[in-house]
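Trainee: One line per chain: the protein sequences are A and B, in this order.
Residue 15 in our numbering sits at position 15 of the first sequence; the count goes up by one each step and never skips.
Residue 187 in our numbering sits at position 187 of the second sequence; the count goes up by one each step and never skips.
Don't read these hints as lab results, they were simulated from the structure.
Ideal placement from N, C-alpha and C gives every residue a C-beta, glycine not left out.
Mixed in with the good hints, there may be bad ones.
Have a look at the derived ranges for each label pair, beta carbon to beta carbon [what the hints assert, rightly or not]:
#1 Lys-127(B) / Tyr-69(A): 45 to 55 Å
#2 Glu-203(B) / Leu-15(A): 25 to 35 Å
#3 Asn-22(A) / Glu-81(B): 16 to 26 Å
#4 Lys-77(B) / Asp-11(A): 49 to 59 Å
#5 Leu-48(B) / Thr-16(A): 24 to 34 Å
#6 Phe-118(A) / Leu-178(B): 17 to 27 Å
#7 Ala-86(A) / Thr-83(B): 43 to 53 Å
#8 Ser-58(A) / Gln-187(B): 39 to 49 Å
#9 Glu-43(A) / Lys-182(B): 46 to 56 Å
#10 Leu-15(A) / Leu-102(B): 33 to 43 Å
#11 Leu-48(B) / Pro-70(A): 22 to 32 Å
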Amino acid sequence: MVTFQFIPFHDIQPLTSARRVNKLLNIVKDDRIVIMEGRLKKEEEADLIEITMEEISSKFKGIELSVIYPDQKRQDAMQKVKGAFAKVLLGDRQGLTIIGPASVVKKIEQNPDKIELFMNDSNGKRKLAKRRKK
Amino acid sequence: MVKNFFRNLLKKFKFNPFGKRSHVKLGLYGPPNGGKSTLANRVCQDWLGEEMNFTVSHIAHETREIKIKEQVSIKNKKGKELTFSLVDTPGITTKIDYEDFLKKGIKKNEAKKRAKEATKGVIDAIKWLDQMDSVVVVLDATQDPYSQVNITIIGNLQARNIPVLIAANKVDLKKANLDVIKSAFPQYEIIGISAKYGKNIEEFYEQLFKLAK
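Okay, chain B solo, but in the shape it has when bound (with noise of 0.2 Å):
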């Protein structure tokens, strides 16, 4: 709180030393199974030349803890080069039930060591909001946006001063609607795209540079 305070007041006088920092955080958030983790390793190959080890599922919560990617360097068509750490974090949710993991064809052993494991990475995805310089919030284009994870996720990032991007990903899928989702946060940047197919990527890249200014 204290942080965000001297944050807030710096960014008044248009000093803002946070910005400058070698270590800029760019997080990943947003509901489980939203592409965070695909959209990553799109990140990575696109710009290290490398598939990331962020492990991508159709079951929810593969991600269960924070993954940090360091030294990540993109530019834009203008040269201009933007140098972030990537922060992928787990999926938001309010509710983790191990028998859904078993409905999935998952042992209940495992299930219940991977919904354990998943309350922790939500508690953490939460905790890291501080710590956050920028974030993008990735939605799933084809489900309803005002779902109230949505909702307190963006609204959280808004009380703490984080510039948020919303990428509505999975866009090449027929039930995608990208004006629902544009209509439910009419303030924010909206940038559909399809991690996956690298559909509007470089538009997403270019999107980063005004999220990072």
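The shape of chain A in the complex, shown without the other chains (with noise of 0.2 Å):
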């Protein structure tokens, strides 16, 4: 069995960097996978990097990360401007991003408008498909 946990914005949102991090982290150590609204700072993706590099052993192989965002070329001036605003005004919400453990997801593959995750599985490969609208 498969466990997702969905993160809210709200959720991360108060915390520090360091916290952000580490929660993450916690979660996808006990094999679920972070489904969470929004994205982390680019330095936040490395410092997640880094720790998970620190973290790994025997039980624990590392992780999949995969973010998908709105592609701002194709977002008309009206779009950009909101964005913007709501960037202002609630925090940079836009996007979604994914994290599952290695042991657990053994791809991620990723184009601009869609994030295929390739699981890993006792009875061999299967394929889980999710597609973002524009």
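Take each chain as given, in its own frame, and dock them per the hints.
Mentor: Below is the structure:
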């Protein structure tokens, strides 16, 4: 069985960078796949990789990480302005971040509109596709 | 962070003492097996006339520690000279499983040791980001460029205002697709090279001069 845990933006917004990263990593180390509203800052993504490396053991093999984010080139001027206002007022909650334990998620393939999770499974490989509307 | 703030501030006033340092660091970053060490060897062979001790292998994480070659001087067609320290870094990844090394025929104890060293190598590579003056991100042109590791590396360089050149390596292979890399990172200068065979390497050196401006 695969467990997904949704993390709404307001759950991580008040946390410091270190706490955000630790919160996400603790969930993943429990063999759950995190689906987080919004995205981490670039520096936090690097911290997540760094801390993941520190935590690697015979039981924990690391993570699979993917972020899907609206392609701003496809947005018209009004959408960009709205997005910028929303970012100032509410924080950058656009996009989705998916983090899974490497022991469960074999690979995440990403292109601008789609994320595909290839799962490690006792019965072999199976595929779960998630599509994002424009 | 403070260093970055002042670096950005000084750049705005077109005064950048970091650019005049005698020890300009040019980092080679990217995911494992992209060809960073092969490129480092090519640069050293071309300009120092000696093969470096940057060992290369088809097994991932062959480079597990930061390696530096000081005082590499290259010249462009106009005769201008550029001197830098070349920093070869371990491939950045989000997962390391010693069992992957077992599948490559490495014995269990050695595989575990290699995995441990590889994790430390990734940590060091990330910590060294702040030390770099310019970075060449070396990607395997036969692989999907939309991996989050690539995006995270490039995003972190952008956040630190470090100039980036993307070298799409292994263009000698049939599966190589330069257009996909160009569409994945349209805002960056991208050059297709074969570090192994030297294809496009002169253009690559010309791009290094633009990167160091």
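Trainee: Each hint: holds or not?
Mentor: Hint check:
With their beta carbons about 26 Å apart, Lys-127(B) and Tyr-69(A) fall outside the hinted range of 45 to 55 Å. Here the CB-CB span from Glu-203(B) to Leu-15(A) is close to 46 Å, at odds with the stated 25 to 35 Å. In this structure, Asn-22(A) and Glu-81(B) break the distance hint of 16 to 26 Å, their C-beta atoms being roughly 48 Å apart. Against the hinted window of 49 to 59 Å, the Cβ-Cβ separation of Lys-77(B) and Asp-11(A) comes to about 56 Å, which satisfies the hint.
Taking 24 to 34 Å as the suggested C-beta distance range, the pair Leu-48(B) and Thr-16(A) does not conform, at roughly 46 Å. The hinted range of 17 to 27 Å is satisfied by Phe-118(A) and Leu-178(B), whose Cβ atoms lie roughly 26 Å apart. In this structure, Ala-86(A) and Thr-83(B) meet the distance hint of 43 to 53 Å, their C-beta atoms being roughly 47 Å apart. Between Ser-58(A) and Gln-187(B) the Cβ separation comes to about 41 Å, which falls inside the hinted range of 39 to 49 Å.
Distance hint check: the CB atoms of Glu-43(A) and Lys-182(B) are about 27 Å apart, inconsistent with the given range 46 to 56 Å. Judged by the Cβ atoms, the range 33 to 43 Å given for Leu-15(A) and Leu-102(B) holds: they are separated by roughly 38 Å. Between Leu-48(B) and Pro-70(A) the C-beta distance comes to about 47 Å, which lies outside the given range of 22 to 32 Å.
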